[in-house]
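Student: Take a look at the letters that make up each chain.
2 protein chains.
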Amino acid sequence: MATSNAIEQLKEALKALPGVGPKNAQRMAFHLMERNREGAQKIADALNNALERIISCQRCNTFCESEICDICASEKRDKQLLCVVETPADLQAIEQVGAYRGLYFVLMGKLSPLEGIGPEQLGFKRLNAIVAENQIREVIIATNITAEGETTADYTQQMLAPYGISITRLARGVPVGGELEYMDQRTLAAAFKDRRATS
Amino acid sequence: MATSNAIEQLKEALKALPGVGPKNAQRMAFHLMERNREGAQKIADALNNALERIISCQRCNTFCESEICDICASEKRDKQLLCVVETPADLQAIEQVGAYRGLYFVLMGKLSPLEGIGPEQLGFKRLNAIVAENQIREVIIATNITAEGETTADYTQQMLAPYGISITRLARGVPVGGELEYMDQRTLAAAFKDRRATS
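For the record, the sequence lines run as chains E and P.
full-length UniProt numbering applies: residue 1 is where the first sequence begins, and numbers increase by one.
full-length UniProt numbering applies: residue 1 is where the second sequence begins, and numbers increase by one.
Please note that the accuracy of each hint is not assured.
For identical chains, the list gives no copy identity; a pair is met inside one copy or between any two copies.
Listed below are the simulated PhoX-like cross-link pairs for lysine-lysine, each with C-alpha atoms no more than 20 Å apart in a straight line [to be verified]:
no., residue 1, residue 2
1, K42, K15
2, K23, K42
3, K125, K23
4, K23, K193
5, K125, K42
6, K76, K193
Hints in this document: simulated from the structure, not taken from any laboratory.
Owing to the predicted nature of the structure, the values given are computational and were not obtained by experimental measurement.
Chain E with its partners taken away, still in its complex shape:
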């Protein structure tokens, strides 16, 4: 081999990053070793730090560094509102909008029979307990608008139906800035079906 074992191992390891194939992993490995050893050290340290510190919130499942995350512990959040999302990344996307002031529950995945992920593999049991034990007036299901996300939403809706509380889903429709001409048929069909009254 023309390169060292350490480079080969690094290339192999970098393929664990999402969307990174062999070519890209090689480019990253050479770049870091040639031009940015300081950056490489920072990545290694940040990974070790994250692996050591990041745990799941005991209540809502999202990433945190203490037993209960900041959102669940906050006095300012509306504890009667619960938003169900698939992942911590989804939670963060909603938080960045800044319009929602309730609590969250993170399923940590989506139902996917093909990959052997059923309700037992996700956080449904705890979600059920939270709804049973707390005074919640509305559950907002904010799973992705994909086949698996919709299946997960349907399951959540059915599981929580007996509680007789309000259960809502995110609106489907044309994205803001979207042009009808370029919209796919299913989005356009959903936007027609869910059309709203003008105020």
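We have chain E; now place chain P onto it with these hints.
Tutor: Just chain P, lined up with the frame of chain E:
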């Protein structure tokens, strides 16, 4: 903040990877922490291992884990042929072709006045010494066919001209599989200028 400090630090650190912006860094950080903690550990270990072990070959400058790299130490290589490349990645690309059996010299960069990289910042002094002290019959300049690569090639050529040895450059032209219709003008012009006699 909705996420932990450790996640924010990890996102920041991952931006050191080439071609990775804030969005992609976030996706990588969440992916590793949500779904592939084992992979994250492997990346951290591989980075630390590479940082500790990878040094430069005392002769040709490429990455290696001992004083002299395998290629420079090999008895099977033609020591009268020297190929000058910009980076270890270029060296590896040529090695993967398997057609070249001489030695290399890695400049570890290219001349770039705009970035303050002059001849002193690259390995020209050592390259000069290698050509002066060894019986070399041909130097093949294999820098990139970019503005900076061509400048670097010109400088190398002028520096080595006094030795009176054969100095060659890689052929420029239409890539194998390339269609003339889609070729840029400068490539086509170079292919015309450097046209070869049919055998």
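Student: If you check each hint against the structure, which ones fail?
Tutor: Checked against the structure, the hints that fail are numbers 3, 4, 5, 6, while the rest are satisfied.
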